[in-house]
Amino acid sequence: MSASPLLDVRDVSKVFTMGGVLSRKQIKAVNEVSFALSAKKPEIFTIIGESGSGKTTLARMILGSEVPTSGELLFEGKDIAARRGAERLAFMARVQPIFQNPFEAFNPLKRVDRYLASTARRFLNARTEAEMEGPMDEALQHVGLSLREVKGRFPHELSGGQLQRTAIARALISKPSVIVADEPVSMVDASLRMAIVNLFKRLRNELGVTIIYITHDLATAYYISDRIIIMQKGHVVEMGPARPILEAPQHPYSQLLKRSVLSFDGAGGGRITRSGREEVDTSAEALIKGRLKPAGDGRLVRVG
Amino acid sequence: MANDILTVEGLKAYYQMNYFGVEREVRAVDDVTMRVKANEIYGIAGESSSGKTSFIKVLAAAIRPPFRIVDGSVTYRFNGTPIDVAHAGEDEIAKIRWKHLSYIMQGSMSVLNPVRRVHSAFKDFAFRPMGLKREAFWEAVEAHLARLHLEPGVLRAYPHELSGGMRQRVTIALATVCQPEFIIADEPTTALDVVVQKDVLAMIREVQQALGSSVVFVTHDMSVHANITDRLAIVYAGRIVEEAPTRTIFTAARHPYTRHLVASLPRIGDTSPKPSLEGRPPSLAEPPAGCRFHPRCPIAIERCRKEVPVLEERPGGHRVACFRADEALSPAKVLHVEESLS
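Line by line, the protein sequences give chains S and F. Each residue of the first sequence is one higher than the last, beginning at 1 in our numbering. Each residue of the second sequence is one higher than the last, beginning at 305 in our numbering.
Derived coverage of chain S by chain F (criterion: at least 3 residues anywhere in the stretch with Cβ under 8 Å from a Cβ of chain F; other residues may be distant):
| hint | segment |
| --- | --- |
| 1 | 152-161 |
| 2 | 217-224 |
| 3 | 241-250 |
Okay, the calculated beta carbon distance ranges per label pair:
| hint | chain 1 | residue 1 | chain 2 | residue 2 | range |
| --- | --- | --- | --- | --- | --- |
| 4 | F | ALA366 | S | LYS28 | 40 to 46 Å |
| 5 | S | SER23 | F | GLN320 | 53 to 59 Å |
| 6 | S | GLU157 | F | SER424 | 40 to 46 Å |
| 7 | S | ALA82 | F | PRO577 | 40 to 46 Å |
| 8 | F | GLU582 | S | ASN125 | 31 to 37 Å |
| 9 | S | PRO108 | F | PRO577 | 34 to 40 Å |
| 10 | F | ALA366 | S | SER146 | 41 to 47 Å |
| 11 | F | GLN320 | S | ALA248 | 55 to 61 Å |
Partner residues aside, some chain F positions facing chain S, computed with beta carbon under 8 Å:
| hint | residue |
| --- | --- |
| 12 | GLU351 |
| 13 | SER352 |
| 14 | LYS502 |
| 15 | HIS524 |
| 16 | ALA530 |
| 17 | SER568 |
| 18 | PRO570 |
| 19 | ARG571 |
| 20 | LYS578 |
If you are wondering where the hints come from, they were derived from the structure by calculation, not from laboratory data. All residues carry an ideal CB built from backbone N, CA and C; glycine is no exception.
The shape of chain S in the complex, shown without the other chains:
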């Protein structure tokens, strides 16, 4: 057997049980998802889906903060859910999260460099100020900031873009090999959005970090992704190389998503039309029971 992949997701499902004893309801948030990330080739791996598609649940399982109901997630060959104590800490250092809203990720009453310092203390076992500041500054340099700019500042003293970049720098301190970014640009302005996604590209190219980019924005996904999976109601409906899929999606649901992207052709005509979701949903419902089949050019499409 060849070297085990960096992250191996094997038939992972997650079922949430809601309600009391009498009105118990089971919700399948994630249904038999499988994919693998290679250790040799860092990439930007994108998970696309609407709210309720299970993309955040999948991300939480990758981070180890949710245990799958069935299936297993292996990080460097070892089950994520089975890691405890020092092993788990080592895993957390290697797989780091970035959250959606930078203004909510930081406590407004704490200086932002304290977050960086506590990360350095925890994962690098840094004890003195000098030991902490080296890695902190290095991480901030990677995102185009420096410790001098950030030190002693409160979150409200930084702009949204600087805060989101500080959040990314915090994730970089422990030198992770995977960063899980859950909708990192949906709360930032258009002009900052490109700064963040360009930064992801640079982290992949220069630091060799694999980024799991979770989004519902197909345009930025097209711009930065190497591979994508498209999820609908917990099922993967199409997965494979990003650009061919987004240029010519084959599954009806992927086609619906592509159609719903607001285009710039004929800007100002005011000729917006509805997405036609009603027609698609019925046909997709039948397809959900289907299987993922290879469809040439390296992609998998769910067919009935």
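Dock chain F against the given chain S, drawing on the hints supplied.
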């Protein structure tokens, strides 16, 4: 002009604070002149903290201290009678509110009372302005809900029982049920998923066409503007820097900020590197002297640091506030701000 429904002249609205003797003035809306025609969707685009929300607060006549109108006028013309909401009394504004001038708000969950059924919101907002008998009123409401593809049953539902898209459609129905001539929409689709967003936008357009109303549509998302607005104003640090028919903004913008916004849009099928703008929007409490964009502008000259450019009229209903508007902006200069490129 005769068919202008809204005329804003030299509007200045500041937040004026005086805490413990320390005076602070935030110039959120600084010298804005614009008009909105009947039966058009007028877009306002700008980053957060560019003052766009403050501006629509003035348009909606929802001004509370410390926010004050310092100068200028905001005149609506409903049925031929002008009313200046910047100076009108509360009772005069109450007469036009909701019947002629309504507002689609951003967070549908905070508009609808979570512990009351949807119909009570319609009763609270629309019953009095519409002035109909009870049965005729509910008939009108149901007919209007059908326009937004909502079943009459949603009236019996609690807000949490509806999906995000349905809730947003309910708030749109609420804002348009009185058939107002003027609707202000503040980021009505920002919180929605792509598919739902497209449906809601299409419905806003359908309702606008059916009623013949004017809409001021505010969002930072340029792709939304491209698809729904007829004319578009770009706001930067409390001022309009460019205004033109939407098509012109996307094809022949003159202001460097607008050009950057358009150039940085990612599109499916386009793999070229996209620039990102460095720096941050200026603080409105201490805006830079001269053109407020000059610290981030790739083509700023000495004059930009000293003088404030005025919004100049050009052919084709195009207005630009830039000394360098005629400068041919080479792609290399657009990209000069780009540092974080792969």
